[in-house]
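S.K.: Taking the hints into account, I'd like the entire structure generated from these sequences.
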Amino acid sequence: MIRKHILVALVQDRPGVLNRIASTLRRRNFNIESIAVGHIEQPLLSRMTIVVEGDDASVEQVRKQLDKIIEVIRIADITGESPVAREMAMIKVRATPSTRSEIIQIVDIFRANIVDVSPDSLILVVTGTQEKVDTLIELLRGFGIREMSRTGTIALPRGGAGPLTIEENKPLRHVVEQAAPEEEILPDW
Amino acid sequence: MIKTGAEILCECLIKEGVEVIFGFPGGVLLPLYDTLPHYPQLRHILVRHEQGAAHAADAYARVTGKVGVCLATSGPGATNLVTGIANAYLDSVPLLSITGQVPTHFIGKDAFQEIDITGITVPITKYNQLVLNVDGLARAVHEAIYVAMTGRPGPVLLDIPRDVFQARTEYICADKIDLPGFKPKLFGHPSQIKKAAELIASAERPVIVAGHGVNIAQAHAELKELAENAQLPVVTTFLGIACFPESHVLSYGWLGMHGMGYANKAVHNADLLIAIGMRFDDRATGGVSTFAPQARIVHIDVDAAEIGKNLTVDVPIVGDVKNVLHALNKQLVKRDHIGWLSQLDDWRAQHPATEVRDHEGVLPQYIIRQIHEATKGDTIIVTGVGQAQMWAAQYFFYDKPNSFVSSGGLGTMGFELPGAIGAKVGCPHETVWCIAGDGGFQMTVQELATMVQEDLDINIAVFNNGWLGMVRQWQELIYNKRYFGTKLYNPDFVKIAEAYGMKGVRVSKKMDVRPAIHKAMDHKGPFLIEFVVEPEENVYPFVPPGKTIVEFLEMPSPLGSLKK
Ligand SMILES: Cc1ncc(C[n+]2csc(CCOP(=O)(O)OP(=O)(O)O)c2C)c(N)n1
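Chains as they are written, first to last, in the numbering used here: chain A, 1 to 189; chain B, 190 to 753.
Please keep in mind that the hints were generated in silico from the structure rather than gathered at the bench.
Some hints here could point you the wrong way.
Covered stretches of chain A (chain B as the covering partner; in silico rule of three or more C-beta atoms under 8 Å from a C-beta of chain B) [said to hold, decoys possible]:
# : stretch
1 : 19-33
2 : 61-68
3 : 86-93
Just so it is clear, CB atoms sit at the ideal spot from N, CA and C, and this is done for glycine as well.
M.R.: Here's what the structure looks like:
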């Protein structure tokens with residue numbers, strides 16, 4: 001079954017990481033619906049949220065390929081864990097004196113915010129699920145959207161520790177001694 | 190101690206046990222080339238084209254099990270490496286490419302000979318890095334080699350700007366690797382190994398399919414133990430050739446497009462495949478939907494991403510092949526499979542794939558067999574790509590680990606000459622035979638000069654059939670003999686050899702084959718034999734693309750009918 005998958009990854013903040021990830025997805029024939037990247041609470045690390053479409057097996061295959069990228073510390077497909085997923089959009093919509101109040105009504109219903117007002121347009125900001133943002137955009141289309149920018153989805157799994165949670169007492173970096181024999185690293189099979 | 194970047198690079202390479210660098214200089218490398226003479230422990234071999242440096246380092250790594258190192262200047266030097274890096278990537282070879290880069294203050298300015306080689310090589314390296322600061326150089330070198338060698342090996346690249354070679358810093362020997370995202374799984378999961386052992390104990394028609402991973406992991410002894418204890422027939426992949434002695438009673442050849450008919454039949458009829466260090470490449474499986482239709486599959490590989498990539502398997506085991514087999518062997522029950530093995534022997538008798546037919550002219554298969562006999566099998570065979578490659582794989586019997594060096598995944602014509610250089614430099618006490626097609630030979634012919642300059646005792650057999658033989662064969666069999674773009678006008682190969690300052694002979698009669706082979710082997714230094722062979726000979730068996738591996742075509746009988 002082809003469906004949308006949300007992959008979340010913890011990556012080292014090094015040059016070229018985004019390039020490697022995008023290149024791997026392209027090479028394995030995946031369309032990236034969105035990628036959102038930002039720093040997290042730990043220094044030198046970023047978190048990525050990648051939304052791709054595909055069947056479960058091929059997404060799992062590409063997840064494993066992505067996991068091989070040296071800078072990728074952890075990567076998980078959290079689609080099945082009904083994560084909290086949100087995105088944000090900024091929309092500049094044409095607003096004439098006659099349409100302005102109607103737009104403001106819509107904005108209220110969607111709990112969006114108006115962040116800039118000019119004589120012939122408004123900029124509004126909305127956060128929510130992708131469906132909510134899509135619906136709002138559809139409603140506003142009739143007024144004339146002049147410019148818009150979406151962040152792409154970011155997501156966190158619900159509940160306690162997620163697949164990317166860094167436990168406090170466990171160091172993230174397993175430093176490998178050059179000469180020491182290779183330690184056993186727990187497999188997931 | 191305060192050292193320059195160039196000195197630090199040399200120190201780190203020496204610390205990693207590197208002894209040989211295959212390189213070609215250029216402007217941005219001059220500081221390094223000014224430093225290399227102070228480190229005589231690092232032997233620099235000057236190639237004639239950077240592709241040759243990469244292939245030589247690649248073959249060096251395959252025969253020694255150590256990291257192979259090649260060196261190229263910025264811009265065209267770096268891009269010339271690309272084919273060689275891709276070759277190493279597809280065959281999982283630990284290759285360290287070091288490229289010079291324009292000075293840091295020029296980066297991004299489209300400076301003379303500036304090219305984004307780290308960007309270019311993203312899809313064909315396991316890891317690469319542009320080293321912008323001399324303080325990070327030592328760590329970068331150790332990390333790169335560690336990544337190249339650990340888990341599933343692969344090529345890595347370090348791009349080093351000229352000013353980083355020149356900059357000075359306190360050299361602190363980096364002895365820690367800090368790569369939190371690098372997590373190869375080296376030991377198989379015990380419960381999976383147990384499941385595999387159970388399947389093996391209950392299988393009626395089991396077959397081991399052993400791949401390149403066995404060679405890489407040096408798991409030859411463990412494989413032998415597994416096969417012998419449970420009486421499991423062993424079929425190898427093309428790159429798995431030589432991972433199990435072909436003279437062993439349990440050896441049943443290699444599978445795939447040009448594999449032995451009995452190997453393909455064994456796999457096709459098996460009820461259990463134990464796939465070890467292989468990746469179900471399409472050249473091995475043929476049509477994948479009809480591959481081994483009755484078999485349950487145990488798949489052992491160090492790369493988790495190989496599991497389930499091309500087909501679904503029943504028992505995946507992620508781990509280093511040597512470790513996994515070691516653990517698996519402890520759980521095996523002794524068994525025999527007399528009925529199954531005698532069935533395989535029948536198939537072997539019905540589909541002889543390694544017999545040289547009686548023929549007046551010079552058959553390429555005959556030459557390979559004569560090389561086998563003359564060397565008693567004790568040699569390293571390095572091949573190009575095409576028909577000669579396949580004959581070398583079929584008609585020589587490989588008993589010694591890592592004695593077969595060939596470009597499998599990428600199928601790179603031109604690998605043969607530089608590959609032979611790398612093999613000889615890596616194993617100077619071994620005899621090396623380079624099996625070259627007349628097409629592939631001309632792709633990297635300039636490396637003859639390298640052989641002569643380094644006085645490498647390499648025996649070269651050029652199979653002059655006047656065609657790009659393998660493509661001609663496809664045109665004959667699949668495109669109804671519509672030959673186009675495959676006929677070669679060839680130079681006088683003996684004169685070419687002589688022009689480069691090496692000895693050469695031409696052989697166009699069958700009776701001259703064996704004496705020429707001995708002449709080459711008795712000669713110290715590089716020696717070329719041009720074999721004028723039967724021009725339109727075909728490689729059989731042949732599984733036409735997309736077909737199931739048991740739908741192989743065999744050598745037409747003299748009456749012209751195709752046996753099935
Ligand atoms: C670099 C490269 N270009 C093209 C090919 C496609 N190709 C595969 S086999 C072959 C013919 C090889 O001819 P030759 O080296 O003379 O060997 P032969 O098959 O005659 O033994 C060609 C062109 C290739 N594998 N590699």
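S.K.: Against each hint, give a clear statement of whether it holds in the structure.
M.R.: Evaluated hints:
1. Using a Cβ-Cβ cut-off of 8 Å, 5 residues of the stretch 19-33 of chain A lie near chain B, which meets the minimum of three, so the contact claim holds.
2. Closer than 8 Å: that is the beta-carbon criterion, and the stretch 61-68 of chain A has 5 residues meeting it against chain B, so the requirement of 3 holds.
3. Counting residues of the stretch 86-93 of chain A whose CB falls under 8 Å from any CB of chain B gives 0; the rule of at least 3 is not met.
Violated hint: 3 only; the structure is consistent with all others.
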